[in-house]
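Asker: Spelled out, the chains give:
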Amino acid sequence: NAGVTQTPKFQVLKTGQSMTLQCAQDMNHNSMYWYRQDPGMGLRLIYYSASEGTTDKGEVPNGYNVSRLNKREFSLRLESAAPSQTSVYFCASSESGTSDQPQHFGDGTRLSIL
Amino acid sequence: GNSVTQMEGPVTLSEEAFLTINCTYTATGYPSLFWYVQYPGEGLQLLLKATKADDKGSNKGFEATYRKETTSFHLEKGSVQVSDSAVYFCALYHRGNTPLVFGKGTRLSVIA
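Those protein sequence lines, which keep their order, are chains A and B. Read in order, the letters of the first sequence correspond to residues 4 to 117 in this note's numbering. Read in order, the letters of the second sequence correspond to residues 4 to 115 in this note's numbering.
Treat the hints as calculated values from the structure; they're not laboratory data. Note that this is a predicted model, so its numbers are computed, not measured. For glycine and all other residues, C-beta sits at the position ideal for the given N, C-alpha and C.
Beyond 10 Å from chain A on every Cβ pair, some chain B residues (computed):
{"hint": "1", "residue": "Thr23"}
{"hint": "2", "residue": "Asn25"}
{"hint": "3", "residue": "Thr29"}
{"hint": "4", "residue": "Lys59"}
{"hint": "5", "residue": "Ser61"}
{"hint": "6", "residue": "Lys63"}
{"hint": "7", "residue": "Lys71"}
{"hint": "8", "residue": "Leu111"}
For each label pair, taking beta carbons as the anchor points, the in silico distance ranges come out as:
{"hint": "9", "chain 1": "B", "residue 1": "Lys63", "chain 2": "A", "residue 2": "Thr23", "range": "35 to 43 Å"}
{"hint": "10", "chain 1": "A", "residue 1": "Val15", "chain 2": "B", "residue 2": "Ala56", "range": "45 to 53 Å"}
{"hint": "11", "chain 1": "B", "residue 1": "Tyr33", "chain 2": "A", "residue 2": "Lys17", "range": "42 to 50 Å"}
{"hint": "12", "chain 1": "B", "residue 1": "Lys59", "chain 2": "A", "residue 2": "Thr23", "range": "36 to 44 Å"}
So that you can see chain A by itself, here it is in the shape it has in the complex:
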């Protein structure tokens, strides 16, 4: 029962480096999401994809880009990493973004930027 799989689980970067966080779901869900979680800030939505071929900005999109590669995969890219992007990143998916169906989360990527 894979559900939502995120890779890598941990990563350390230097300021200015780039990297892509990968996310894949095997539940045939239409909608996918990227969040970041910081102490005292709860979950903040970075980008989401309501359906294959569409992406929209969330609350904190600056410094990030996304690609909905196909129905299963939704990647998050940091072009030039900054220390303020040190966080835990979660990917989630749901059957539909326009209904109250629950979101299913991966276990997160812990990213440190020095």
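Put chain B on the given structure of chain A with help from the hints.
Answerer: Structure of chain B alone, referenced to chain A:
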């Protein structure tokens, strides 16, 4: 806009104590309401939900009642266990507003 406010944590309880975590929301109309739980080192998972006023969601001994008159969805459990130690998030979904809106989370620690 739509928002969710949860009580500040952390909350520390002894095993078998009664738990209440307060959650209030701001939204027009009738949103759907959720509680998610995040165990250490894991992602969030749905704990319970309620989709209309006076509905009660329940799961694993936890309950929450959708109170339209007080715009609240407080989480309760009669007797907590050490294994309930986690971060709890209240969230709402309002039709026409894509993605969930999450509260900031409340950390619960239960000690034996």
